[in-house]
Every structure is written in structure tokens, then in C-alpha cells.
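**Q** Build the full structure now, drawing on both the sequences and the hints.
For the sequence shown, the numbering used here begins at 1 and goes up steadily by one.
Since the hints were derived computationally from the structure, they do not count as laboratory data. A few of these clues could be false.
As the list claims (entries may be wrong) - Computed list of lysine-lysine pairs in DSS-like fashion (alpha-carbon distance at most 27 Å, straight line): (1) Lys-376 x Lys-489; (2) Lys-39 x Lys-82; (3) Lys-344 x Lys-354; (4) Lys-39 x Lys-307; (5) Lys-376 x Lys-355; (6) Lys-491 x Lys-445; (7) Lys-489 x Lys-380; (8) Lys-140 x Lys-68; (9) Lys-211 x Lys-376; (10) Lys-489 x Lys-445; (11) Lys-344 x Lys-211; (12) Lys-354 x Lys-314; (13) Lys-114 x Lys-39; (14) Lys-380 x Lys-409; (15) Lys-218 x Lys-22.
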Amino acid sequence: MKDILEVSNTDLDARIGILHTKHGKIEVPTFVPVVHPIKQEISIDVIKRLGFDLVITNAYITMKYYGKEINESIHNIINFDKSIMTDSGGYQVLEYGDLDVDYDEVARFESRIKSDIAVPLDKPTGLNIDRGRAEEYVRKTLEASEHTIKIADSDTIWVGPIQGGKYLDLIEYSSRRLDRLGYEMFALGSPTEVMEAYDFRLLAEMIITAKRSIPLNKPLHLFGAGNPLTIPLAIALGCDTFDSASYMLYAKDDRYMLSNGTININDISYLPCTCFVCSNYKASELVSLPKKERSIEIAKHNLCMIKREVDAVKEAIMEGRLWEYVIQKSRSHPKLFAANYILKDIGSLTPLHKKHAIFFMDSIDQYRPEARRFRKMVRKIKYSSDLLILIPEQDEHPLYATSIYSRLKSISKNSLIAYYSPYLGIVPEELSDLFPAAHHLTPSKEFNIGEFPTFKEAFLDFVRYNHFNNIIILAEHSLMRFINEYDIKCKMVKSYDELLDAIIQYNI
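**A** Right, here's the structure in full:
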């Protein structure tokens, strides 16, 4: 079977690619606007104009309004000639309890209306339910999914709905079972309540658990993700598509989307946007519109803002700067910043080389996949030099191109010269021209080793593994304390003159 996702560019766990459906190609990652099948308030033409190639609508609501035996395609019903995803009614289950249909009826209906991407009738676990009920909902969802995949038509991409909520082991179990059933695509359910609680750390754990439990070549959809705050993190963690009605729901509550959150339109003095909506109004004019008209105009802006955010993330992937972008965006909210720790466990799709130098600016950057990969590479190499000369990182790269290196090399015998970096650990001379050792920028300041546990580990591994007979270190104050704490046998000096003298004395 041919993969439905064709990947072209990657960074962290994100990928840019083409998702193939029977109604055309969709570039992912992408936001999937929720379209109401009966009373859509924003014209579908606006959604087309903004360049959305995939929308999602509700099969259950469509079926209740038009009847189970309708033979009209969903494309004609909502007047959208591109790809359409249909949700089975799981959200209504979450809101109102069990529905008056079964999974067999919904699956056959989704096939009848010719959905491009379809979701079986699932049982969302939600956030605030106990373990017993969560297990029951996962069981019922898997039961529906197993039956649905047996009667599914082959032209439709059927999406395995992953449930489990905050119980990560249930998410893993659900994901693996759905993969064994043969689903080509997956969707992580029940994150809406998690995001409404601003529990971004739990959201990140849920996404990572699902991603690790499904094949890399199969796309992952995230239900209910429509806040600009969450988009960079969700994409970085590997979500390919994500849907929400947030653009309209927020607008009805007078919530105007910004790149770093939302604000009530009544609290805005200036519209910080130049989209086709905001270019036509002053803030006071938008506020003074009748309620319904104002909601529609804000909703259009919100769609533009979401689209802009997705495109900004994709550009960051192309530039190899997704890490920098996610960290920057995470500073928009303390609870989002708290989710950064999860980034140290991802990065499988980060390229081995990048066309631009990467930035190391804060202690969180020691966990960049490029830095982790470099430290791991150094750890595997064993050196036979008698003398190790360690100096602080220089502004110029690579190390062997610096004037201090030339001076040290001219007076040292059978020595290994290396520099130490809080982000990369130990950088030996012959590896100093590799990426990212010679392709990064960092603040020129002494670092606090207490904030860099990865440096401690890399330093200790290097000196213990290689068994140098002698070590001379030009040590900054923080490094001196660390060396004394671990009783590392070496000679420490405080200046380059002292370093040169120590090497000369060693040679004598």
C-alpha cells in the first residue's frame, strides 16, 4: 500500500509534506477549519480564498438533518470542491452523552456522502473522568473502530481515533491497537478540555505518547487545536493536521486572536494586524459593529491569524529554526513555557546539517537535538593523546582557525586541544569544523554550570573515558568549582599566559 503522506522537509518531529486524498493534495501541516453543515456563518468562499484545501464537518449533524439515506456528496452539501474530513459525532458525545445512532450507521453514512477523510464514532475520554470510565471509553472506541474498518470503503482515508486522555498508557494501548487494525491515519482525541485548562504540559505528553506508538509514515491529526499559542508546539511534536471551530467560537465571545493568544476586542486600541479584515477597520469601528456582523468579521480575522501562524511555523521548518521559534513562542504564557521540558525528548526528524548557523541562547538550548547528537558523537570517540588542553569556546570557528590554537599547537607535543561549551560539551580540535560545532552562535559570557547538567555529564564522560595522563584547563570561575567538586585531577590556570607557561613546563 502506498503511503498517503509524502514528506519533503523536516525539523524536530515536524514535517512538511503532501497528504493525498481522492479530492486532491493537501500540504501539511495544516489547520482544518470546522465548517457547520447546516448553518455555517462564514462563507465557504472566504475559507477557499484563504487557501484552505481541507475542512472538517460533522457527519452526525449532517445525517440528522438530511436523513440517513441521502445520496448527495458532502462536497455538494457544503459547497466545497476540495478535500473534506468528517467527524463522526464524538464531540457531541463528549458534550451531550451517547447519541441515538450506532457506529455502523455513522460509518456507512460517511461512506455514502463520499468523505475524503472519515472518523469512526468514538467515545471521547475527556479530562475529568476516572480510570475505570476511561478504560471503558477506550474499549468502546476500539470496538467501533474495529467494526468500521471492516466495512470501510477503500477510497476514503479512515482515521483511527486515539483515546485515553490523561492516562498515557491508555493512549499508547489505543494507538497500537488502531495501527494493528490497519488505519492509515490517526487522530488524538479529547485535547480540547486539556487546552481549555492550559495544561500544555499534559497535551505535549499526550501527543508524544501517540507519536511514539504509531508508524512514522502515518499522519497524526489533533482534534480541537485552534489557539495560536498551541500551534507551534503541536506541529513541532509531530501533528500533521489539526482542527477547531475556535475561529468562530472565540469571535462570538469577542475574542480577537493575536499571535501569542487572544484579547477581548473591547480592550484593543489598535488592530495589530494587516489582514483583509483589519485593513478595513479601526479598532473603534470594529467594536461598534452590530454583534453578529462583528463576530463574523472577527472570525475572518481569526482564520487569517491561524493561517499566518501555521505558515510561520512551516517557514521555520524550512529555515531549520523550528526550535528557536517554538522556544520564542513558549514565552507567551508560563504554562506553555512549562511544556518546554518535553522538547528534550524529541528531534528524530531534525536534519544532520542545516544551511544556517543555529542559536544557543539559554540553558534550555542544551537539549536541542543538534547538541544532543554532537555530544553523543564525541562520547563514542576514544583519544590516545597524553595531554589534554582545554580552553573556553572562542568567538571564531572552527577551533583550528583561531590564533590561540596555532600558538598552543606550536608549543605542545602529543596533545589534544579542545574547547568546552555549555551546550556542546567538549569539542575536540578535529571535530570543531563539523555541524553544529562550527555553525552556531552563542552569548559571549561565562555560564553557570549548575544550569547545564548535560555539560557536567559530557565533561565527566570525556575525561574519564579517555584517561589522559595530564590535563591543563583554562578554567572560568564556574568550571573551577565544578572541577574541585568532582576532584578531577588537572592543572587549572586563569589566563592564556598561565596556560602557555603550564604547557611549556609540561614539555620540559
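**Q** Please go over all the hints and tell whether each is borne out by the structure.
**A** Going through the hints against the structure:
As the CA atoms of Lys-376 and Lys-489 are separated by approximately 24 Å, the hinted pair is consistent with the 27 Å bound. Pair hint Lys-39 plus Lys-82 holds up; C-alpha atoms about 19 Å apart against a cutoff of 27 Å. Between the alpha carbons of Lys-344 and Lys-354 the distance comes to roughly 19 Å, so the proposed pair stays at or under 27 Å and holds. About 23 Å separates the Cα atoms of Lys-39 and Lys-307, which keeps this hinted pair within 27 Å; it holds.
At roughly 22 Å between alpha-carbon atoms, Lys-376 and Lys-355 fall within 27 Å of each other, so this suggested pair holds. Between Lys-491 and Lys-445, the direct Cα distance comes to roughly 23 Å. Compliance with the 27 Å bound is thereby established for this hinted pair. At roughly 22 Å between alpha-carbon atoms, Lys-489 and Lys-380 fall within 27 Å of each other, so this suggested pair holds. Between Lys-140 and Lys-68 the alpha-carbon distance is near 23 Å, which keeps this suggested pair within the 27 Å criterion.
A hinted pair counts as satisfied when its Cα atoms are at most 27 Å apart, and Lys-211 with Lys-376 qualifies at roughly 24 Å. Among the hinted pairs, Lys-489 with Lys-445 is consistent with the structure: their alpha-carbon atoms are about 26 Å apart, no more than 27 Å. The hinted pair formed by Lys-344 and Lys-211 meets the criterion: a straight-line CA distance of about 15 Å does not exceed 27 Å. Under the criterion of a C-alpha separation no larger than 27 Å, the hint pairing Lys-354 with Lys-314 is consistent with the structure, at around 15 Å.
Proximity of Lys-114 to Lys-39 is assessed by CA-CA distance (about 20 Å); at most 27 Å being required, the pair is judged to hold. Between the alpha carbons of Lys-380 and Lys-409 the distance comes to roughly 24 Å, so the proposed pair stays at or under 27 Å and holds. For the suggested pair Lys-218 and Lys-22, the alpha carbons sit about 17 Å apart, so the restraint of at most 27 Å is met.
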